[in-house]
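Asks: Below, each chain spelled out in residue letters.
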Amino acid sequence: MKFLMIFLQVLVLFGFSMVGNWLQNLLHLPLPGSIIGLILVWLCLMLKVFPLRWIESGALFFLSYLPLFYIPAAIGIMNYGQVFIGKGVLLVIIAIFSTFLTMWLSAWTSQWIARQSEKKKGPTPCK
Amino acid sequence: MQMMLLATLYAVLTVGVYVVMNWVYVKYRRDFLFPILTSSAIIIITLVLFNIPYETYMTGGKWIDILLGPAIVSLAIPLYKQRDLLKQYLFPIIGGVIVGVFVGMISGVFFAKIFGFPKDIVMSILPKSITTPIAIQITQSLGGYASLSAAFVMIAGFSGILFGRIFLKWIRIDSPTGIGIGFGAAAHALGTSKAIEIGEQEGSMSSVAMTLCAVVGSIIGPIIAWIFYLG
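For the record, the sequence lines run as chains A and B.
Every letter in the first sequence is one number past the one before it in the working numbering, and letter 13, counting from 1, is 13.
Take any residue in the second sequence, note its place counting from 1, add 127, and you have its number in the working numbering.
Don't take each hint at face value.
[Claimed, not checked] One side of the interface only, derived from the structure: several residues of chain B facing chain A at Cβ under 7 Å:
id	residue
1	168
2	170
3	195
4	202
5	226
6	277
7	293
8	294
9	298
10	304
Just so you know, these hints were derived from the structure itself, not from any lab.
Every value quoted in this text rests on a predicted model; they were computed, and no experiment measured them.
The beta carbon of each residue, even a glycine, is placed where N, CA and C say it ideally should be.
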């Protein structure tokens, strides 16, 4: 029974992914169909079109095995090993450098905005 | 018939290796044992040993690959569950996410292009701060290589896991919001697993940032690609 329920919910999520792909083709959207599906599900939940429990178990199934689903794509690296030889080492350095730059600026921005709004509200009325 | 049997074997091999390596990771909890890394390595070694080309492996691999779409859709659920956090810290989160997506994509693309790498490789490095399943989709729509992107995403993730904490301390990021957003925006799911170890709020922030970066990134990615390759 529980298995059947998870299976049905998996089908629903599959359906959203397909609707996303269909909308992408129909409207020539630049973003991937699965992201459109994600946004649709999120909107449905926020607007209370259906309750979370309708899809929660199915989503949990996907999320708990998430890395498995991109292993086939990741393995394709076996065809591109030569990219990282010689000059390609630079790509690794660029990726690492860019990662820390991203971490620095995103963390700094959100911390700064958070502190600004705290100041505005005034944490403790001292006068 | 034999083709069918072999395809099934590749799919079963993938699931089997993943389940075992996931168990190993849960038992020993070492960063270098991350299941995606160890599973991919074991399967690649197996394929090379038996002289099986990637295209042949994918006759079975594509059955698993097809589940990537609904798996991405499922990311809507944690995002929905953290709606209160999102509401409470709306501006710090949105600000950090937008800056993170722009900086992550532009800096990678800029340097790769400056050093003269061809467009397909530049497009593969573009989404490296985005979580792997979605980075793969972004890069494919821009003419990059999915697997190469996955490799860059791993490099970003492991840089974050190994040095993120020291780095953030060094640049004086000390609030749970800053730490969480930094990890989520720069090092996606791997960073989030580290942020969860630091604290609950850091973990939630990182998870929200990761998902939002993926959504925002899939919209901004094509625009950045377009700007860099106008002519």
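Asks: Look at each hint and say if it fits the structure.
Replies: Going down the list of hints, with the structure as the test:
no.: 1; hint: 168; in the structure: violated (9 Å)
no.: 2; hint: 170; in the structure: holds (6 Å)
no.: 3; hint: 195; in the structure: holds (4 Å)
no.: 4; hint: 202; in the structure: holds (6 Å)
no.: 5; hint: 226; in the structure: holds (4 Å)
no.: 6; hint: 277; in the structure: holds (4 Å)
no.: 7; hint: 293; in the structure: violated (11 Å)
no.: 8; hint: 294; in the structure: holds (6 Å)
no.: 9; hint: 298; in the structure: holds (6 Å)
no.: 10; hint: 304; in the structure: holds (5 Å)
When each numbered hint is compared with the structure, violations occur for hints 1 and 7.
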